[in-house]
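What follows is each chain in one-letter form.
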Amino acid sequence: MRAESIRTYKVLHTWVGIVSGMGLFIAFFAGALTMFEEPITRWATPPGSAPMVPLAETEALVVDTLAARPDAARDFTVHLEPTEAEPGRLTWHVRPEGAGEHAETGGEHYYATRDASGALVVEEHHPATVGSVIDTLHRVVGLPVDGDPTRAVMGILAILYALALFSGVVIIVPSLVRDLFALRTGKNLKRMWMDAHNAVGVLSLPFHVVIACTAVTFAYHDVIYLAQDALVHEGELATAFRPPPPPEGTPRERDPAELLSPAAIVAVVQETAPSFAIESLQYIGVTGPRAMVRVWGKDPAAISPRAPGGFAVVDPYAGRVVNTAFMPGAQSPPNLVVSSFFALHMGAFGGALIRWVYFVLGLAGAWLFYTGNLLWVESRRRKARGAGQPDQPRAVRAMAAATVGVCVGSVAGLAGAIAASKLFAGALDPLLAYYGVFFVALGWAFAVGGARASVHLLGLAALLAFAIPLGSLVGWLAPGSGLWAHPATWGVDLGALALGGAFVAMARATARRARDGAPDSVWALPARGPAPAEVAQ
Amino acid sequence: MKAATNEVGGQATPGTQATPGTETAPGTKPAPRPREARAKSAPASKRAASRHWVSKTLAGALLGLVLALGVSGVVAELAGAVPLVIRAQLVMWLVVPVWLTVFASVYFFRTGARAWVGLGAASALVHGLFFALRAL
Numbered sequence: 001m002r003a004e005s006i007r008t009y010k011v012l013h014t015w016v017g018i019v020s021g022m023g024l025f026i027a028f029f030a031g032a033l034t035m036f037e038e039p040i041t042r043w044a045t046p047p048g049s050a051p052m053v054p055l056a057e058t059e060a061l062v063v064d065t066l067a068a069r070p071d072a073a074r075d076f077t078v079h080l081e082p083t084e085a086e087p088g089r090l091t092w093h094v095r096p097e098g099a100g101e102h103a104e105t106g107g108e109h110y111y112a113t114r115d116a117s118g119a120l121v122v123e124e125h126h127p128a129t130v131g132s133v134i135d136t137l138h139r140v141v142g143l144p145v146d147g148d149p150t151r152a153v154m155g156i157l158a159i160l161y162a163l164a165l166f167s168g169v170v171i172i173v174p175s176l177v178r179d180l181f182a183l184r185t186g187k188n189l190k191r192m193w194m195d196a197h198n199a200v201g202v203l204s205l206p207f208h209v210v211i212a213c214t215a216v217t218f219a220y221h222d223v224i225y226l227a228q229d230a231l232v233h234e235g236e237l238a239t240a241f242r243p244p245p246p247p248e249g250t251p252r253e254r255d256p257a258e259l260l261s262p263a264a265i266v267a268v269v270q271e272t273a274p275s276f277a278i279e280s281l282q283y284i285g286v287t288g289p290r291a292m293v294r295v296w297g298k299d300p301a302a303i304s305p306r307a308p309g310g311f312a313v314v315d316p317y318a319g320r321v322v323n324t325a326f327m328p329g330a331q332s333p334p335n336l337v338v339s340s341f342f343a344l345h346m347g348a349f350g351g352a353l354i355r356w357v358y359f360v361l362g363l364a365g366a367w368l369f370y371t372g373n374l375l376w377v378e379s380r381r382r383k384a385r386g387a388g389q390p391d392q393p394r395a396v397r398a399m400a401a402a403t404v405g406v407c408v409g410s411v412a413g414l415a416g417a418i419a420a421s422k423l424f425a426g427a428l429d430p431l432l433a434y435y436g437v438f439f440v441a442l443g444w445a446f447a448v449g450g451a452r453a454s455v456h457l458l459g460l461a462a463l464l465a466f467a468i469p470l471g472s473l474v475g476w477l478a479p480g481s482g483l484w485a486h487p488a489t490w491g492v493d494l495g496a497l498a499l500g501g502a503f504v505a506m507a508r509a510t511a512r513r514a515r516d517g518a519p520d521s522v523w524a525l526p527a528r529g530p531a532p533a534e535v536a537q
Numbered sequence: 001m002k003a004a005t006n007e008v009g010g011q012a013t014p015g016t017q018a019t020p021g022t023e024t025a026p027g028t029k030p031a032p033r034p035r036e037a038r039a040k041s042a043p044a045s046k047r048a049a050s051r052h053w054v055s056k057t058l059a060g061a062l063l064g065l066v067l068a069l070g071v072s073g074v075v076a077e078l079a080g081a082v083p084l085v086i087r088a089q090l091v092m093w094l095v096v097p098v099w100l101t102v103f104a105s106v107y108f109f110r111t112g113a114r115a116w117v118g119l120g121a122a123s124a125l126v127h128g129l130f131f132a133l134r135a136l
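From first to last, the protein sequence lines stand for chains H and S. If you read the first sequence in our numbering, its first letter stands for residue 1, the second for the next number, and so on. If you read the second sequence in our numbering, its first letter stands for residue 1, the second for the next number, and so on.
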């Protein structure tokens, strides 16, 4: 490889890294948390008051509900084994007009149950939004709403991320064998950080290649389909994606009283796939000619086509499996290839073990971008020559403050959002809690400088992380307090406790460095000399 | 991909000096030199590394996408036996990996002009192949 190319790619790596690093940090930290979106949502859902209608009586519940609320026939779900997150056996979601496919939280949510006398009760409920807030922050790199413009921004950052990966590999290839397993922990701290940055980057490279390619595709698939439809598919794409017309002789209107029972529908699918663990039945258009039920579930031994698992399509009147294109373990090879792209991004294969692996890889990715910024700062550091400490360049101070403010601020914000979803349930939108903490943290970082703010904000992140199990503890000890603790989601509390402990350790190490580390650094407290101007802006 | 574009860059105008003029010491012959020697001429090539960012980036972004769409067309033609509903998804997923690989490799070209010529030629080739396959 020409030395000139390597120099070019070094410059490229520096600048795409510094532009995209902080956004990617948020996306990766939030993305690591999305591995546990389901338990977090369950953790944040208050205990339900309505009794669950037994599964055997669900048939009648469906008929009564559709008689009372015909609009529910468009799309409703029967939960076989409802968790804390589901208020009733039967739920549906009326999406706001023109809402996108990811609008899980907007609109109105209803559930149907029966009162003590057996009469039908339909009530609106407000599901815990914190899980989808985390997911949104992940999908659009810390922006509030997942829409076309924010996804385009995410796509640009993902392209920069891809360029950073490629250039990082080009830079390290010539010295790969020599440097990969070297961790030179000596006087030269920058050397050590760079060694660690390189080792983590190279060892998790396959994960990053997958994430970069899938993220860019998620951002721009609509445009790509449009271009390919014109260029490659001769405008036939819309027809191909349209579902086939119902067979001749299908009645235009169906009577839900003739629906097979949920147990019978489950039996139809279970017969063909015994290892498929069925969780819910999604009824779509059951009073119309295209009546179908998506039988959702998971198969830990197979690749899941989507993050929540996959589904078999069943005709709920005839009782036969219509389509297994999205069913784990039953897909055709081409469908499996496409599903694997989703599964590889979302860690939707291999069950809990892979979710933990992805959690660690996500955190390692966030760490990679954080260290990238640290190295940028370190490379531009002004060293002391002779007596007195030099002022660090303005750009270096600003970047140090921004890195700490954005990265640690987003971590604190996410912890705050989760804690608030229980402590202030219904009173404070978790998204507002996130932005409140995030912007205060960012402002604080610029006000007091990176060295001080890094200690303060890590302390804040620890406090907010500890507030997560605190809410559960209060709910457990004092159920009258209005808080709650679900025995099934103690993992969320333990995880937060562990993260909080890690933040405390980092805060202490950071404080030590600020006190005892090299004084000619942007990370040093100016206490030992006359205080230089330290406010970055 | 990396090697291929590199070769295209090398062949497009062989022997052209990496950095036209300015930084070269007077009397230095702007003739082709062995690869190693050229790599070691730090000042000249250092300057070259900071050149052509806009032109190379545009070539990588735009022609990389054109090339990737062409590759997806060729694959779609070759995979004609797969039903359109799934073939369309497969070739959609193909675009971004090809695009990003080409885009990221574009900085191996010595100049922006070479990048445009090289990627333009590759795109023309792939799209020619696509239309030939379709006409068959």
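Everything labelled a hint here was simulated from the structure, so no lab data went into it. The beta carbon of each residue, even a glycine, is placed where N, CA and C say it ideally should be. The reader is advised that the hints may include incorrect statements.
Said to hold, decoys possible - To be clear about the criterion: a stretch of chain S counts as covered by chain H if any three or more of its residues have a C-beta under 8 Å from a C-beta of chain H, and this derived list gives those stretches:
hint, stretch
1, 64–73
2, 111–119
Claimed, not checked - Short, incomplete list of chain S residues facing chain H, as computed with Cβ under 8 Å:
hint, residue
3, L78
4, A81
5, V82
6, L84
7, V96
8, P97
9, L100
10, A104
11, Y107
12, F108
Worksheet entry | Evaluation of the interface hint that places P97 (chain S) against chain H, nearest CB under 8 Å | It holds, given that the least Cβ distance between P97 (chain S) and chain H is near 5 Å, below 8 Å.
Discussion item. Cut-off 8 Å, C-beta pairs, minimum 3 residues; does the coverage of the stretch 64–73 of chain S by chain H stand?
Written reply: Result for this restraint: holds, n = 3.
Worksheet item: Holds or violated: is the Cβ of V96 (chain S) closer than 8 Å to a Cβ in chain H?
Response: 5 Å, holds
Fill in: 8 Å C-beta test of the stretch 111–119 of chain S against chain H, three or more residues
violated (count 0)
Discussion item. Can you verify the interface hint for L100 (chain S): is its Cβ closer than 8 Å to any Cβ in chain H?
Written reply: 4 Å, holds
Discussion item. Min Cβ distance, Y107 (chain S) to chain H: is it shorter than 8 Å?
Written reply: 5 Å, holds
Item to complete: Could you check if A104 (chain S) really has its C-beta closer than 8 Å to a C-beta on chain H?
Response: 3 Å, holds
Worksheet entry | L78 (chain S) as an interface hint toward chain H, with CB separation required under 8 Å | Hint violated; L78 (chain S) Cβ to chain H Cβ min 12 Å, cut 8 Å.
Worksheet item: Against chain H, with CB atoms and a cut of 8 Å, does the hint on V82 (chain S) hold up?
Response: 6 Å, holds
Worksheet entry | Interface hint outcome for A81 (chain S) [beta carbon to chain H under 8 Å] | 10 Å, violated
Worksheet item: Is the hint on L84 (chain S) kept, meaning its closest Cβ partner in chain H is under 8 Å away?
Response: Holds, because the Cβ-Cβ distance from L84 (chain S) to chain H comes to roughly 4 Å (cut-off 8 Å).
Worksheet item: Do the numbers back the hint for F108 (chain S), that is, is its least Cβ distance to chain H under 8 Å?
Response: 5 Å, holds
Violated hints, in rising order: 2, 3, 4; the structure is consistent with all others.
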